[in-house]
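Asker: What follows is each chain in one-letter form.
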Amino acid sequence: MAIHKEIFSDEALRHVREGSAKPPGQLSADEIPPMAASWANTEKMPVGGWKENRPRYLRGLSPCLAHCPVGNDVEGFVSTVREGDVESAARLLAAETPLPATCGRVCYHPCESGCNRVQLDGSVGIRAIERYLGDLPYFDSANIWSQARPATGKNIAIAGSGPGGLASAWALSLLGHKVEIFERKPEPGGLLLYGIPAYRLPKDILSKEIGRIKDMGVRINCGVNVGEAKELSKLLESYDSVFVATGAAKSRDINIKGDNNKAVYSAIEYLSEATSGNIPETGRECIIIGGGNSAVDAARSAKRSGANVTIVYRRTRAEMPAYETEIDDALKEGIQLEELAIPLELIVENGSLTGMKCLKTKLGEPDDSGRRSPIPVPGSDFVIPASSMINALGEIIDKEELTKNSDFQNALSELNHWGSSNIQGLFAGGDFVGGDRTVAHAIGGGKRAAMAIDRFLLGKSANPLESYIVGGGPASLAGYLKNGESDVLAEGIKTIQYKDLNPAYFPNVEREELAKVLDQKPDNSFREVESGYTPEEAKAEANRCFSCGRCTNCGLCQIFCPEGAAVHRDPQSKELMIFDSHCKGCGICVEECPRCALVMEPVNKESDVVKTETQ
Amino acid sequence: MISEEHRIAITGNQAIAHAVRMARIHVVAAYPITPQTSVVEEIAEFCAAGKMDAKFIQTESEHSSMSACIGASMTGARAFTATSSQGLALMHEMLHWAVGARTPVILGEVNRALAAPWTILTDQSDSMAQRDTGWMQFYCANNQEVFDSTLLAFKVAEQVLLPAMVVLDAFVLSHSTEAVILPPQDLVDEYLPPRETPVKLDPDEPHAFGGMMFPDVFMEQRYKIEQSMDIAKEVILSEIEEWEKATGRQLKPLYPYRIDDAEVVVMCLGTAFGSVRYAVDKLRKEGIKAGGIRMWQYRPFPIKQLKELIPEGSQVGVIDRAVSFGISGPVGSEVKSVLSPESRNSVYGFIAGLGGREIQPESVESVFRAMLEGSADPVGINWVDVRK
Ligand SMILES: Cc1cc2nc3c(=O)[nH]c(=O)nc-3n(C[C@H](O)[C@H](O)[C@H](O)COP(=O)(O)OP(=O)(O)OC[C@H]3O[C@@H](n4cnc5c(N)ncnc54)[C@H](O)[C@@H]3O)c2cc1C
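Going down the list, the sequences are from chains E and H. Those letters in the first sequence? Residues 1 to 615, by this note's numbering. Those letters in the second sequence? Residues 616 to 1003, by this note's numbering.
Simulated from the structure, these hints should not be mistaken for lab results. Quantities reported herein were computed from a predicted structural model and do not represent experimental measurements. Just so you know, not all the hints are guaranteed correct.
Said to hold, decoys possible - Residues from chain H that face chain E, not an exhaustive set, calculated with beta carbons under 10 angstroms: (1) Ala704; (2) Leu705; (3) Gly826; (4) Ala847; (5) Gly889.
Stated by the list, open to error - As a list, the in silico DSS-like pairs of lysine-lysine whose alpha-carbon atoms are at most 27 angstroms apart: (6) H:Lys848 - H:Lys897; (7) H:Lys848 - E:Lys574; (8) E:Lys44 - H:Lys951; (9) H:Lys860 - E:Lys22; (10) H:Lys922 - H:Lys848; (11) H:Lys1003 - H:Lys848; (12) H:Lys922 - H:Lys897; (13) H:Lys951 - H:Lys904; (14) E:Lys154 - E:Lys516; (15) H:Lys867 - H:Lys815; (16) H:Lys670 - E:Lys539; (17) H:Lys860 - E:Lys5; (18) E:Lys332 - E:Lys362; (19) H:Lys919 - E:Lys5; (20) E:Lys5 - H:Lys951; (21) H:Lys670 - E:Lys5; (22) H:Lys897 - H:Lys867; (23) E:Lys516 - E:Lys208; (24) E:Lys5 - H:Lys848.
Every residue gets a Cβ at the ideal spot worked out from N, C-alpha and C, and that includes glycine.
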């Protein structure tokens, strides 16, 4: 409804809009507006000189970045999906990892454990977003990468084509070096191919990922056993550098009576055979020994080939090192769990396995791992039926297999964070060097070694390698390629915690879960269990990302700035900026910022003081 | 959208909610308090069901509700809140602000006595305590009137840039169901077009509002509020006419009852007027020329209509459901001041119905009798139905 003319006259309106030369006391009643409205906006008042503190846009670090062993710009690609620019998101992802479709499926996602959203309503589904991007056509060819440098003419040999070797080969190619991989198995991929079952990581996905790396010019020579066919010392002579990433896939022996039976397998052996298409015979009752991921993978694979499967574990489910959801899925698929039991001997009749004698345990004091240790209960032995047994007690590193040379062995045991050994040109990474044994850590190790090798080959670069470490965690290859010119590598960058955020802006939103098909029919039993996000789901999930510490241009600081004129959008870049001349230092923008992308700093230098000249 | 008029049985609180919905409100900010709660509950449900396209803000206090409404109104939005008693008292500071900032916020005020001691029952002490803030006030006596008054309040407020309270008695109206006619939406749309605000909080034409005003203009601004109240008197009359044309229903600043030849008149606000009518009828049967007036429009005070209505020489008793302790009831003293220049009438102030005590026909009869017998105090407070 319009305002009555006598109440807000045209004269008064004109005065509000255009101002007046007359002092207020000389205005006629008609010229005075009904409310106190300024004639100008706050640009007239440069109150910048009032401030003792000033706000500044300062990039903080999202904890997901520091937690990602690969060094992915997690917040970067997630928020870019949120903004609807999937191609740029894919490029951001490609800048730090050669294997997004793989990690998008099998990574144990430490990024999600570090995600601040855990403290609100559950972490962002980062892994599934990575998978969504990794499956997009942008990753159909190696075109997503362009070589960052002209060819250097340097040649590097890599032993092992697991994720560690592949990541290092990829990074070295980007850096302009020529790479040749030696792999003893008939096909490349390491445990991605021979360990992780196809129902979690389909083989065609893996071969596409490896195909891209080959297309970058990396030669993969399969069926070559480094150490036997090619001595390490020989490699070091013929190549400028050697990177060892031969993994840790030697099974720990079980050493019980009957373990030489033909129906006894190691998990690695079983899974490796299963991958090659000839699933080993397990009979009706298959027993798995162990509580780790290999145990669960072996169990679910055996279940898929039709056996009744029982996992025998010496502690309880709560202590199982296997990934929680994997155990859940296994149990849902009908796998039995025999807790608190240790194998004593295998019962063999007429050369065939018929059962396994076990002893009950109870939990005692916590051991070094912090888990309560199993104590055998005397006289509690019992027998469970078994037609086969898979030993999944874990895998160990075997340096002797690689080299009989003790100098090499010593060198490969004393590596620094970057995988450099005390033998010139010899580097190592991945499972082979110990530490966390995951795909992501192997990729991270491969990347670090690539940077170290590059630096070794080309002499000192301007910055120490340490300057490429993101938030005390992984190293950034993109940052290395840009000589450290990256926001996330800024000195002293603060990792943002949940308490730094303004939760008022983040309502609870349920996480988008991936659909799963468990308990598959034997005819297509190794079909992928989890399906990926639809574009809508990916965007919805990305929308849950807080973008901790990064200004997303949301504009709340501008809305809340009481000065009105102090926070502005740059007309060209549309970025938000603060006009020092008008910011009086109240700090409301900093308080209000949902994601802690602003800080307050004291105005302490004389030159900081802003003149308040009237315009 | 319902395109036909329809009759539904709703409470007074629901009647406000429906009116607010049909006014196509933009922002509702409120904090619950008995007996107002069901007003905002109903609106919240309308919002949740998508029947209204409004921003509903549940604030942490009434002070904040009013602040949010003022802020919203300053951007040109149509804003509404509702409260009662302590809630209105807590809003007091912002009630002044709403007027000074000239924000036509509408407030559904469900009359409830102020504590201490605790009560949730009706009297007018809460809204009367706000009579000097510059808000228009309309006191209703039935649910249809609640509905009609709410829409009219928006229409008037937006023209005169003054906020308005639609006032209704706790429980007697707020929680009692009556048949109410809801007009079709297009009728309401036509009656109440979107708000037009030439100067507002707007990043495209930035101004600062509510800043310091020095003595050289402050009083002019205050004068303008009073001037707007004066203009509102005319605007209300013409809007009553518009509404009558549209719906056939007529609101009146003052509702007279058997007043023409009355020699003794009782005035009150709100639902207690029912008892006034009973008492008038009873006395008329005895041959006493009694009459009654219900005041719907309290602010701006309908001076002209009151003078026209009150028969010359009649005695006038004003029943207040609020006390200005130490002197009298607020409406009583105002009626006295309005009628005194001509000294045509003797006016007495009565206090009745505090804290939910019923004002029965007998109570009103005793008011009439006190005047007829000459026992009413012409200056001080005449307490009705009180054990002394
Ligand atoms: C069953 C199982 C499931 C797993 N699931 C997951 C999972 O879901 N997520 C996760 O993050 N991690 C998982 N892991 C761990 C993960 O697979 C490893 O941490 C990762 O593959 C290590 O990579 P790598 O490159 O260091 O070694 P590997 O992947 O082991 O690759 C080493 C490669 O070197 C080759 N090699 C060895 N010796 C020689 C030699 N002398 N000459 C030439 N080649 C040689 C091997 O054949 C192999 O191809 C799993 C491991 C297992 C066993």
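Asker: With reference to the structure, classify each hint as holding or not holding.
Answerer: Hints and how they fare:
1. Interface restraint check: Ala704 of chain H against chain E, minimum CB-CB distance 25 angstroms, threshold 10 angstroms, status violated.
2. The criterion of a C-beta within 10 angstroms of any C-beta in chain E is not met by Leu705 of chain H, whose closest approach is roughly 23 angstroms, and the hint is violated.
3. Given hint, Gly826 of chain H at the interface with chain E, holds; its Cβ is 5 angstroms from that chain's nearest Cβ, closer than 10 angstroms.
4. Given the 10 angstroms rule on beta carbons, the hint for Ala847 of chain H holds: about 9 angstroms separates it from the nearest Cβ of chain E.
5. Checking Gly889 of chain H against chain E: minimum C-beta separation of about 33 angstroms lies over 10 angstroms; hint violated.
6. With a CA separation close to 34 angstroms, the supplied pair Lys848 of chain H and Lys897 of chain H exceeds the 27 angstroms bound.
7. As the CA atoms of Lys848 of chain H and Lys574 of chain E are separated by approximately 50 angstroms, the hinted pair breaks the 27 angstroms bound.
8. At most 27 angstroms may separate the alpha-carbon atoms for a hinted pair to count; Lys44 of chain E and Lys951 of chain H exceed this at roughly 52 angstroms.
9. For the given pair, Lys860 of chain H sits about 46 angstroms from Lys22 of chain E by alpha-carbon distance, which is inconsistent with the 27 angstroms threshold.
10. This hinted pair checks out: Lys922 of chain H and Lys848 of chain H have alpha carbons roughly 15 angstroms apart, not beyond 27 angstroms.
11. The hinted pair formed by Lys1003 of chain H and Lys848 of chain H fails the criterion: a straight-line CA distance of about 41 angstroms is larger than 27 angstroms.
12. Under the criterion of a C-alpha separation no larger than 27 angstroms, the hint pairing Lys922 of chain H with Lys897 of chain H is consistent with the structure, at around 26 angstroms.
13. Using a Cα cut-off of 27 angstroms, the hinted pair Lys951 of chain H and Lys904 of chain H holds, with the two alpha carbons roughly 21 angstroms apart.
14. Between Lys154 of chain E and Lys516 of chain E the CA atoms are separated by roughly 46 angstroms; this puts the pair beyond 27 angstroms, and the hint is violated.
15. Using a Cα cut-off of 27 angstroms, the hinted pair Lys867 of chain H and Lys815 of chain H is violated, with the two alpha carbons roughly 33 angstroms apart.
16. At roughly 26 angstroms between alpha-carbon atoms, Lys670 of chain H and Lys539 of chain E fall within 27 angstroms of each other, so this suggested pair holds.
17. Note on Lys860 of chain H and Lys5 of chain E: the hinted pairing holds, with a Cα-Cα distance of about 24 angstroms set against a maximum of 27 angstroms.
18. Using a Cα cut-off of 27 angstroms, the hinted pair Lys332 of chain E and Lys362 of chain E holds, with the two alpha carbons roughly 26 angstroms apart.
19. Of the pairs offered as hints, the one joining Lys919 of chain H and Lys5 of chain E holds, with about 23 angstroms between alpha carbons and a cut-off of 27 angstroms not exceeded.
20. Of the pairs offered as hints, the one joining Lys5 of chain E and Lys951 of chain H is violated, with about 33 angstroms between alpha carbons and a cut-off of 27 angstroms exceeded.
21. Taken as a hint, the Lys670 of chain H and Lys5 of chain E pair is broken in the structure, with Cα atoms around 30 angstroms apart against an allowance of 27 angstroms.
22. Note on Lys897 of chain H and Lys867 of chain H: the hinted pairing holds, with a Cα-Cα distance of about 25 angstroms set against a maximum of 27 angstroms.
23. Distance check on the hinted pair: Lys516 of chain E and Lys208 of chain E sit about 23 angstroms apart at the alpha-carbon level, within 27 angstroms; holds.
24. Taken as a hint, the Lys5 of chain E and Lys848 of chain H pair is honoured in the structure, with Cα atoms around 15 angstroms apart against an allowance of 27 angstroms.
The structure shown violates the earlier hints numbered 1, 2, 5, 6, 7, 8, 9, 11, 14, 15, 20, 21.
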